[in-house]
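Given the structure of chain G, go ahead and fit chain X onto it with the hints provided.
2 protein chains.
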Amino acid sequence: MYFVTGNKGKFKEASLVIPGLKQADLGVPEIQADTLEEVARFSIEHAYARLHEPCFVEDAGLFVHALKGFPGPYSKFVNHTLDCGGLLKLMQGEKDRGAYFEACIAYHDGKKVHTFTGRCDGTIALAGKGRTGFGFDPVFLPEGSKKTFAEDEGYKNTVSHRRRALDGLTAFLNARK
Amino acid sequence: MYFVTGNKGKFKEASLVIPGLKQADLGVPEIQADTLEEVARFSIEHAYARLHEPCFVEDAGLFVHALKGFPGPYSKFVNHTLDCGGLLKLMQGEKDRGAYFEACIAYHDGKKVHTFTGRCDGTIALAGKGRTGFGFDPVFLPEGSKKTFAEDEGYKNTVSHRRRALDGLTAFLNARK
Chain G
1 MYFVTGNKGK
11 FKEASLVIPG
21 LKQADLGVPE
31 IQADTLEEVA
41 RFSIEHAYAR
51 LHEPCFVEDA
61 GLFVHALKGF
71 PGPYSKFVNH
81 TLDCGGLLKL
91 MQGEKDRGAY
101 FEACIAYHDG
111 KKVHTFTGRC
121 DGTIALAGKG
131 RTGFGFDPVF
141 LPEGSKKTFA
151 EDEGYKNTVS
161 HRRRALDGLT
171 AFLNARK
Chain X
1 MYFVTGNKGK
11 FKEASLVIPG
21 LKQADLGVPE
31 IQADTLEEVA
41 RFSIEHAYAR
51 LHEPCFVEDA
61 GLFVHALKGF
71 PGPYSKFVNH
81 TLDCGGLLKL
91 MQGEKDRGAY
101 FEACIAYHDG
111 KKVHTFTGRC
121 DGTIALAGKG
131 RTGFGFDPVF
141 LPEGSKKTFA
151 EDEGYKNTVS
161 HRRRALDGLT
171 AFLNARK
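In order, the protein sequences belong to chains G and X.
Taking our numbering as reference, the numbering of the first sequence is continuous, increasing by one, and the terminal residue is 177.
Taking our numbering as reference, the numbering of the second sequence is continuous, increasing by one, and the terminal residue is 177.
So here's chain G without its partners, still in its complex pose (with noise of 0.2 Å):
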């Protein structure tokens, strides 16, 4: 099965859930929708058309409850422009540090779409803090640790939006084995 997707850090997560996994770096295009799961289903479409074999993509985003969901669906442009520096920045002043990354998986099995989303919640840090991971992981506590997802790899692929995501995925592919 193919994970459709350029990067190189959501495959490296996806292959530790998913054995065998191979990656295909198409670049297929991604809508700007409000939803993940559109702009997910959207982009499966165009890959199903292209390999005609089974695959998946994922998109993924960071909301931030006091800044009306930013960056969330764009988190990839944001974090390339303003980076987390700018996150912080916006968040100065802010008494509500709740936030939620979310996961969406769509799989196209050869004949219809399904998809699996998964949510990690927690807070946006005062400081980056850590070097794994990619994206906001510095700035991002997931509840239950005190650490970021870019201080604690382990912890992150145990919680995070993406593997609970691909929890959905792979329990859906066992259960029809």
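No lab work stands behind these hints, which were simulated from the structure alone.
Since the structure is predicted, the reported quantities are computational estimates derived from the model, not experimental observations.
Ideal Cβ positions, reconstructed from N, Cα and C, are used throughout, including at glycine.
Please note that a few of the clues may not be correct.
[Stated by the list, open to error] Here are the simulated DMTMM-like cross-link-like pairs (lysine to aspartate or glutamate), alpha carbons at most 25 Å apart as the crow flies:
hint	chain 1	residue 1	chain 2	residue 2
1	G	K68	X	D34
2	X	K95	G	D96
3	G	K89	X	E30
4	G	K89	X	E94
5	G	K68	X	E30
6	X	K68	G	D83
7	X	K68	X	E30
8	X	K89	G	D96
[As the list claims (entries may be wrong)] Part of the chain X face toward chain G, derived, beta carbon under 10 Å:
hint	residue
9	Y2
10	G6
11	V64
12	L67
13	K68
14	G72
15	P73
16	Y74
17	V78
18	H80
19	T81
20	Q92
21	L126
22	G130
23	F134
[To be verified] Negatives, chain X to chain G, calculated, CB over 12 Å:
hint	residue
24	K22
25	E37
26	L51
27	P54
28	K76
29	G86
30	S145
Relative to the frame of chain G, chain X by itself:
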């Protein structure tokens, strides 16, 4: 000719330049891309496939130098989440307040797509001012004026990125008559 947009402010500005223009609010998809031209080219193909009549779409964004081009193609989403206040917060302490608005029109004449780009340079104001227009107009000071786009609608409609892109389209259409 149809202007395919759900934005009343954009349609109002365009109909001042192109008399008899009709609005079509089709909800065509927009892709996530680095340039407005890519976004507009993708959307016009969807729009023409539905209308089968000459039509154009326009995508616009505010590109702030100190923020590496943020919010750029995602200006609408950023406006709905962070709004002008968030942008001003990100600009605190930045010495370079330079920015530009850009608009790209993609026009389908029934045979092929033509694009027209307009740009308006300026700076990000220290505080929001004015009530006309939409989006980031209250915080954008165009070159040659001490008033924001939202304080001087007449000046905006003379020098704006959208006006310049529309001028490109109308010059093209007139040359074909």
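Hints and how they fare:
Note on G/K68 and X/D34: the hinted pairing holds, with a Cα-Cα distance of about 23 Å set against a maximum of 25 Å. With a CA separation close to 29 Å, the supplied pair X/K95 and G/D96 exceeds the 25 Å bound. Between the alpha carbons of G/K89 and X/E30 the distance comes to roughly 29 Å, so the proposed pair goes past 25 Å and is violated. At roughly 12 Å between alpha-carbon atoms, G/K89 and X/E94 fall within 25 Å of each other, so this suggested pair holds.
Of the pairs offered as hints, the one joining G/K68 and X/E30 holds, with about 21 Å between alpha carbons and a cut-off of 25 Å not exceeded. Proximity of X/K68 to G/D83 is assessed by CA-CA distance (about 10 Å); at most 25 Å being required, the pair is judged to hold. As the CA atoms of X/K68 and X/E30 are separated by approximately 22 Å, the hinted pair is consistent with the 25 Å bound. Only pairs whose Cα atoms come within 25 Å are accepted, and X/K89 paired with G/D96 is accepted, the gap being roughly 17 Å.
For the restraint placing X/Y2 at the interface with chain G, the shortest Cβ-Cβ distance is roughly 21 Å, beyond the 10 Å limit, so the hint is violated. Because the smallest distance between the Cβ of X/G6 and any Cβ of chain G comes to about 13 Å, over 10 Å, the interface hint for this residue is violated. Look at X/V64: its Cβ gets to within about 9 Å of chain G, closer than 10 Å, so that hint holds up. The criterion of a C-beta within 10 Å of any C-beta in chain G is met by X/L67, whose closest approach is roughly 6 Å, and the hint holds.
About 4 Å separates the beta-carbon of X/K68 from the nearest beta-carbon of chain G, less than 10 Å, and the hint is met. With 10 Å as the threshold, the beta carbon of X/G72 comes within range of chain G, its nearest partner Cβ sitting at about 7 Å, so the hint holds. With a least beta-carbon distance of about 8 Å to chain G, the hint placing X/P73 at the interface is held under the 10 Å criterion. Below 10 Å, beta-carbon pairs count as interface contacts, and X/Y74 has one with chain G at about 5 Å; its hint therefore holds.
Below 10 Å, beta-carbon pairs count as interface contacts, and X/V78 has one with chain G at about 7 Å; its hint therefore holds. Because the smallest distance between the Cβ of X/H80 and any Cβ of chain G comes to about 7 Å, under 10 Å, the interface hint for this residue holds. At a threshold of 10 Å, the smallest CB-CB gap from X/T81 to chain G is about 4 Å, leaving the interface hint in force. Because the closest C-beta pair between X/Q92 and chain G is about 7 Å apart, less than 10 Å, the hint holds.
For X/L126, the suggested interface contact is broken, since its CB lies about 16 Å from the closest CB of chain G, more than 10 Å. Of the supplied interface hints, the one on X/G130 is violated, with its beta-carbon coming no nearer than about 23 Å to a beta-carbon of chain G, more than 10 Å. Taken as an interface hint, X/F134 does not check out: its beta carbon lies about 18 Å from the nearest beta carbon of chain G, beyond 10 Å. With a least CB separation of 24 Å from chain G, X/K22 remains clear of the 12 Å interface cut-off, as annotated.
Chain G leaves X/E37 outside its interface by the beta-carbon criterion, the shortest separation being 14 Å against a cut-off of 12 Å. Listed as a non-interface residue, X/L51 keeps its Cβ farther than 12 Å from every Cβ of chain G; the least gap is roughly 20 Å. Once the 12 Å rule is applied to beta carbons, X/P54 is consistent with being away from chain G; the minimum gap is 25 Å. Not every CB of chain G lies more than 12 Å from the CB of X/K76, the least distance being 8 Å, so the non-interface label is violated.
Not every C-beta of chain G lies more than 12 Å from that of X/G86, the closest at about 6 Å, which undercuts listing it as non-interface. For X/S145, the shortest C-beta to C-beta distance to chain G comes to about 27 Å, beyond the 12 Å cut-off, and the non-interface label holds.
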